[in-house]
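Chains A and B, in that order, are what the protein sequence lines are. Heads up: the first sequence is residues 1 to 460, going by the UniProt record's numbering. Heads up: the second sequence is residues 1 to 433, going by the UniProt record's numbering.
Hints are supplied without guarantee of correctness; some may be wrong.
[Said to hold, decoys possible] Straight-line Cα separation of at most 25 Å, DSS-like style, residue types lysine-lysine; simulated pairs:
(1) A:73 to B:355
(2) B:176 to B:63
(3) B:176 to B:219
(4) A:75 to B:355
(5) A:75 to A:57
(6) A:243 to A:207
Think of the hints as simulated: they come from the structure by calculation, not from any bench.
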Amino acid sequence: MKKLNYILAAFLVMVWMPSKGQTQKGSVLIKNATVITITQGDLEDTDVLVENGIIKKIGKGLTANNVTTVDAKGKYVMPGIIDAHSHVALDAVNEATAPITSEVQMADVVDPYDIGIYRALAGGVTISHAMHGSANAIGGQNITLKHRYGTFNPEDLYMKEAPRTIKFALGENPTRVHGRGKNIQPRTRMGVEAIIRNGFNEALQYKKGWENYQNESKQKGATPIPPKYDGRLQTLVDILDGKVIIHCHSYRADEIYALINTCRDFGITNIVFSHVNEGFKVAPELAEYTMGASVFADWWAYKFEVYYSTAYNAAILTENGVITSINSDSGELIRHLYHEAGKTQRYGQLSDQQALELITINPAKQLGIADKVGSIEEGKQGDLVIFNDHPLSVYAIPQMTFVDGVKYFDIEEDQNDMRISVSAMETVEPIFLKEHDHSCMHGVDFFFTNFGRNLFEHSH
Amino acid sequence: MKKYKAIIYTMAMALLPLLSQAQQFDGEFIKPRNGKFLLQNATVVTVTKGNIEKGSVLIVNGKIEAVGKDVPAGDAEVIDCTGQFIYPGLFDGGGKLGLVEVNSVPETQDFSEIGNVTPNMQALVAINPNSEAIPVTRVSGVTTTLANPAGGIFPGTAALINLNGYTPDQMYAGFKGIILNFPTSARRSTWDRRSDEEVKKDAEKAQKDLNDIWGRAVKYHELKAAGGELKFYPEMEQLAKAVTGELPLLVEVNAATDIEVAIKWIEEKGVKAILTGVAEGWRVADKIAASGLPVITGPVLSIPTRQSDRYDAAYTNPGKMAKAGVKVVIRSNDTENTRNLPFNAGFAAAYGMGKEEALKAVTINAAEVFGIADRRGSIEAGKDATLFVSSGDPFETRTQIYHVFIDGYRVPMSNRHIKLYQEFLERSPGLEK
Numbered sequence: 001m002k003k004l005n006y007i008l009a010a011f012l013v014m015v016w017m018p019s020k021g022q023t024q025k026g027s028v029l030i031k032n033a034t035v036i037t038i039t040q041g042d043l044e045d046t047d048v049l050v051e052n053g054i055i056k057k058i059g060k061g062l063t064a065n066n067v068t069t070v071d072a073k074g075k076y077v078m079p080g081i082i083d084a085h086s087h088v089a090l091d092a093v094n095e096a097t098a099p100i101t102s103e104v105q106m107a108d109v110v111d112p113y114d115i116g117i118y119r120a121l122a123g124g125v126t127i128s129h130a131m132h133g134s135a136n137a138i139g140g141q142n143i144t145l146k147h148r149y150g151t152f153n154p155e156d157l158y159m160k161e162a163p164r165t166i167k168f169a170l171g172e173n174p175t176r177v178h179g180r181g182k183n184i185q186p187r188t189r190m191g192v193e194a195i196i197r198n199g200f201n202e203a204l205q206y207k208k209g210w211e212n213y214q215n216e217s218k219q220k221g222a223t224p225i226p227p228k229y230d231g232r233l234q235t236l237v238d239i240l241d242g243k244v245i246i247h248c249h250s251y252r253a254d255e256i257y258a259l260i261n262t263c264r265d266f267g268i269t270n271i272v273f274s275h276v277n278e279g280f281k282v283a284p285e286l287a288e289y290t291m292g293a294s295v296f297a298d299w300w301a302y303k304f305e306v307y308y309s310t311a312y313n314a315a316i317l318t319e320n321g322v323i324t325s326i327n328s329d330s331g332e333l334i335r336h337l338y339h340e341a342g343k344t345q346r347y348g349q350l351s352d353q354q355a356l357e358l359i360t361i362n363p364a365k366q367l368g369i370a371d372k373v374g375s376i377e378e379g380k381q382g383d384l385v386i387f388n389d390h391p392l393s394v395y396a397i398p399q400m401t402f403v404d405g406v407k408y409f410d411i412e413e414d415q416n417d418m419r420i421s422v423s424a425m426e427t428v429e430p431i432f433l434k435e436h437d438h439s440c441m442h443g444v445d446f447f448f449t450n451f452g453r454n455l456f457e458h459s460h
Numbered sequence: 001m002k003k004y005k006a007i008i009y010t011m012a013m014a015l016l017p018l019l020s021q022a023q024q025f026d027g028e029f030i031k032p033r034n035g036k037f038l039l040q041n042a043t044v045v046t047v048t049k050g051n052i053e054k055g056s057v058l059i060v061n062g063k064i065e066a067v068g069k070d071v072p073a074g075d076a077e078v079i080d081c082t083g084q085f086i087y088p089g090l091f092d093g094g095g096k097l098g099l100v101e102v103n104s105v106p107e108t109q110d111f112s113e114i115g116n117v118t119p120n121m122q123a124l125v126a127i128n129p130n131s132e133a134i135p136v137t138r139v140s141g142v143t144t145t146l147a148n149p150a151g152g153i154f155p156g157t158a159a160l161i162n163l164n165g166y167t168p169d170q171m172y173a174g175f176k177g178i179i180l181n182f183p184t185s186a187r188r189s190t191w192d193r194r195s196d197e198e199v200k201k202d203a204e205k206a207q208k209d210l211n212d213i214w215g216r217a218v219k220y221h222e223l224k225a226a227g228g229e230l231k232f233y234p235e236m237e238q239l240a241k242a243v244t245g246e247l248p249l250l251v252e253v254n255a256a257t258d259i260e261v262a263i264k265w266i267e268e269k270g271v272k273a274i275l276t277g278v279a280e281g282w283r284v285a286d287k288i289a290a291s292g293l294p295v296i297t298g299p300v301l302s303i304p305t306r307q308s309d310r311y312d313a314a315y316t317n318p319g320k321m322a323k324a325g326v327k328v329v330i331r332s333n334d335t336e337n338t339r340n341l342p343f344n345a346g347f348a349a350a351y352g353m354g355k356e357e358a359l360k361a362v363t364i365n366a367a368e369v370f371g372i373a374d375r376r377g378s379i380e381a382g383k384d385a386t387l388f389v390s391s392g393d394p395f396e397t398r399t400q401i402y403h404v405f406i407d408g409y410r411v412p413m414s415n416r417h418i419k420l421y422q423e424f425l426e427r428s429p430g431l432e433k
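If we strip away everything but chain B, and leave its shape as in the complex, we get (with noise of 0.2 Å):
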């Protein structure tokens, strides 16, 4: 028996070091964790079908399973959200999340190629799924994104991405658009001392530069239709997507007469296209509406556009185009504060918009416009279980967001700005070590 004891400590005695060699660290990872959830007793804010009081959300497999009064938990993990509020994920419809760390150091600037004709940059390559931003944009209940490229005319192709994932194919939430920065007749900025001459003569040769490379497009793929071997020619291929209508252009324009060219220029061409930015869209809501392309707008938190312009002109426009007919998608146009959708679509909503079409903007509209209508943008059992639990209204400041979900992963509600506060609210040492 003895002798027994003592091939145990012997044994174990061997064993020690492997035992020190794994490394012991405070406090846990909390990773995004897939899973069966029912989320009870809440009121549901479905987007498409009104509200249920008392509602329940039961989430399998990334989708959402059944919504209503009574839904039996089976072996779901059942999250109490008593007097909390369920809203779909909120779509941002354009900005540079995930395609820049830090603003002003070029090496993390990763929306902008060298080119004027680069529709073939593709945004989906370049997003860095563990920017730090990702984490801090998400727990506030923007869910999904549009990441834009920027440059010259045709910059590259836009990609919607979910924030939660560790590759962009884990992330794409199943549209792209090739962009076209529509020629302007606007400044660019205060900065911008161009004079109207040449303001004018910059306006012309970019709409007859903007012709001649769609016409090279069109040639491009009329050439190939007809069984053409073309030298490699990668702009061409891309854009020849737009010519096809495989993909969209996400027309970006912004004064009220470039609006104008730019509906007859997407008339005349036969495209599919979607108007982004559209800050002047109040001068030309009906055209807008009579056209039917719906419309990307935002910052809604913006300066007016002339300073002969009432002080809340670019609070009012989401509102009045959306009152025209038009319908109306909000977008941030930020990187790391697209936090601030939510209040972008609060703003819309205060000032002409109401709330109920504000939410639409951030969410069935959005999906609407982005082709994924079946699986996004409202709570309905069948689609996506994307989707937060939060105090109240998501667009008042005061509200706090509890839960959020993306595919089905529970995210964590965690990210740097919150371990700098749970680290630095009461520090230790504080004043006198």
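Just chain A, with the same shape it has in the complex (with noise of 0.2 Å):
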């Protein structure tokens, strides 16, 4: 009885829920707000109206003929929150297989059916930055997806308008998989920078004999052979054209620093520095030469590699104008992004708008997306967040988020239950005391199990 329970409200969900064989685009209007546009200030009283998927127009007295109305007087609406370093929506997360993979796509594991999604989006973030994880000093490439949740194609929720990007790690991650775990290099920082340098030099020699082969090949009756195609060197070759930004594991100043000279060597500036617990302490460096940082609000002492952390890291970045963002690597983190962002005004006073920034504005930068998204603008495309107070309030409730137009989560109108697939062999559904997934080393924690201790706790 209670499995045909079960199979019934899997039938009913999917039901409910409308089949979405395209990217959906909605139109709304929502009327009386204080709009937080992060770049044009906080306006009053104030509607936003959504035209197919795109801001038409933002002002005071606005009207629209078939257009859904929301009236938001009294409440906040913002951008929709961008997280730069996310696991959610993936089936994997580790190719933990040699330190460089950079030919892997995290586009071909992304999991449309993780109520992860959902949880995002009832915490008003819109796009997340799905990435590989930090086992392998340059790692796979990662995917920039839009929460359209309730789609069963998982090309749906790519944002297919956003660049390319990479991920790499230094530090102890990389050096613990491959070094202690498979005695091969890297097992120390100077390992992890040569393996990258090497790479780099590699990649670069590549090129060469493409780049030999097509000038042969242009010299009449030449029947050169082409080089060996390599998606790991050719990806590298994106890199190093500036094709791919980079997002960068690490903690300590001296990786990162590490790192900055080696990308200044190829002139690579592409490059996000993420987690980067140690970053205030070279953020002059990170400043000048890099695509910013982005940090957690308050981690640390989890490893030893963050113990000399600070959770002031994101004021002391901002305010020496390094471009900051907040993310979440944690599922469950990512619902309340814009609470992290609201620390960053206990820990160092950041104002309003420099604190909303680390969610928005900042993050779109850094993944390249900052023309199409993260502040309220005509033109942009619609991804909003109603909030019930203040978003950075530790009482503010978001009550409505939109992708596109579309509405995804209506704190008033959703379901408890809203998963997209059940398993029609699940008699009893498994309850979970805590949550492991979505981390940074999701898949590669039986490299520490010989260790004699228990890291799934915190293992990013």
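Put the complex together from the two separate chains, hints included.
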């Protein structure tokens, strides 16, 4: 009987969820709100009109025909929150088989059924950067997702207009997985630096091989043999050519500085440092040479390389002119990034404007999508969140979340059970006392089990 | 006269090497400082007796000597708190602060012993008073935390500590409890790949083990009470204290059905108990309320236990239990980020508990559950001077904490995080040397 109930429930959910063959664009008119535009100040008692997925107009007394109107009097509207470091909606995280796996694509393992997407929406997050894990010095290529929850097609979640990005990782994780786990380089921070440097040098050679082949092909009557295609090296060439943004898992100032130097040597400027707990120590360098830092609000001491951290990191970076964002790296934290941003007011007294930039326009810049999202401006995509209170207040509760003008979260209307997939084999729903998915070291914990301790907690 | 001067000169020259031996340091180290303090002209949030506008609190010898509108300063050091707020020190109902320094470094982990039944392992013994995380925590207004051992079915004895002092005994806040990790039908985590059948079997076996262990403890106590001479058995010696009610059991239990089983078990055995964890308490809130057992719950900032649950199930849990009539205490269940306890209370407040009840959950309720409400949990004359001064609501992230007093000691508003901020906000040299 119970089993039947479950099957029935699953069926009902599927019927309820509109099937979305293609990416939906919606229209909505939000009225009388305090509009936190991020780029053009806060506008009191203002309307925002989204038409066909795009913000058409911001102003007072707007009207529109045949468009759903939401009265947001006394409420706050802000741009959809953007998480520059997430592992939500991924089936797998680490391809921990070599120190460089740049050929791997996270787009191949996007899981549209993950309830984590809906939970993120309920926290106002409309875009997440679904990243490869931190097991390898150079990991896989990430995918920027728009949280169009309800689709069964992974491709509907892709933010297709976002540029390519790739995961790098420094410090304890790659040295533990490869050096200590497999007895191959890198075992030290020297090794990590060398692996990356060698990778780029090899990529330059590879590029030259193709250039030679192309030049030779142009000559009359020549039939040169093309070099063997190598997805791994080709991706590194694309990084060198500025087509791919590096997002690098990092903690200590020395390793951050070393990679800045490597990038400068190879003319790479498209690099964002992620976690970057000791970024505050090299804030002037990060400001001068990189696309910034994406940090935790207050995480520290969960491993040795974050022991000398400070919760004032985001504030120090911001005051030093580093483009700074706050990310989650967690299926739990992603649900309250607005609260995490608020912590920069406790630790460093950032202004409301500075604090909110950390979860909107700044991560948008770091993902190369700031011309499309990250602020409420006419012409930008209609990704919006309505809060019942100022979003930096601990008492603020997201009320509705829109992606491309389509409402994906409504605190009043949504059902409690928002799964879109239930296994018919499941007779008893499992109860999980802790959630350990969605983290950087997902899938490589077996490398740690022989250390005789449980590293499941805080293994980022 | 000249001769006289010459003698003084020679003597001074002779003293010079001595003087130069005393090293010269820059800056001054600020230590926790005891004394008489008058915190003047603040809004005093007493918790138990409403708010006092433009009120003052007089601290003498570690105690609150007076609270009210016109308290004379006498010879006390006056601290002007105009426009500020005074709150009682916040309690965190459970975590590992003091028992671990760096989570992934086993040499610094002192919360989990070898063995399944180790109730005699005393958290208080392993508290490191000099943990970097302690000053990091207390500047948030969290002054008192429960240090929980972890591991087997009876992993050890938890201890309540105040976050100031140089020995565990100076920190001890007057409560101990024996932890019982109640057998669970839930999965440990999303990594737990056991089949439903295996989960069920393991839970049944654990339940049998528990009853067996408990039976032995009861037997041990009976024989000893009858004057029997028993072989030294430290585990049973400690568990017997739970049998007699000398120490309460802290029963960690989370899944709804397990909570019901635990309540029955506690009633059957007639033990003094506090339920901890209680993640699915909202499912059986009425039954918990009927049992009269107090609850320590959290972290509030967690994901729901079931995928089918409403997204805010963990946020609303404390409020739902409180509404049903359960006495609720909130915990962070954290170590280095125990400072997030007030934000956990803030989320509970926002999601149904209300600000007043959430404040109680981290002050007076905790003091009552730990049996120290005569000394702690509110701002009243005669209670311990463990309190803090803030710019406003301590649950709000924008609020600044200005002063923290623990047992009358004014603790320095500094720690590693703050020192790094002071050093690196404007680094010297900057980009160019």
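Proposed proximity, residue 355 of chain B with residue 73 of chain A (alpha carbon, max 25 Å): This hinted pair holds, its Cα atoms lying about 24 Å apart.
Pair hint residue 176 of chain B and residue 219 of chain B, alpha-carbon separation not exceeding 25 Å: 23 Å, holds
Pairwise hint evaluation, residue 57 of chain A against residue 75 of chain A, where the allowed Cα distance is 25 Å at most: 19 Å, holds
Pairwise hint evaluation, residue 207 of chain A against residue 243 of chain A, where the allowed Cα distance is 25 Å at most: Holds. Residue 243 of chain A to residue 207 of chain A sits at ~14 Å (cutoff 25 Å).
Pair hint residue 75 of chain A and residue 355 of chain B, alpha-carbon separation not exceeding 25 Å: It holds: about 20 Å lies between the C-alpha atoms, which stays within 25 Å.
Hinted pair residue 176 of chain B and residue 63 of chain B, Cα distance within 25 Å: 23 Å, holds
No hint from the list above goes unmet by this structure.
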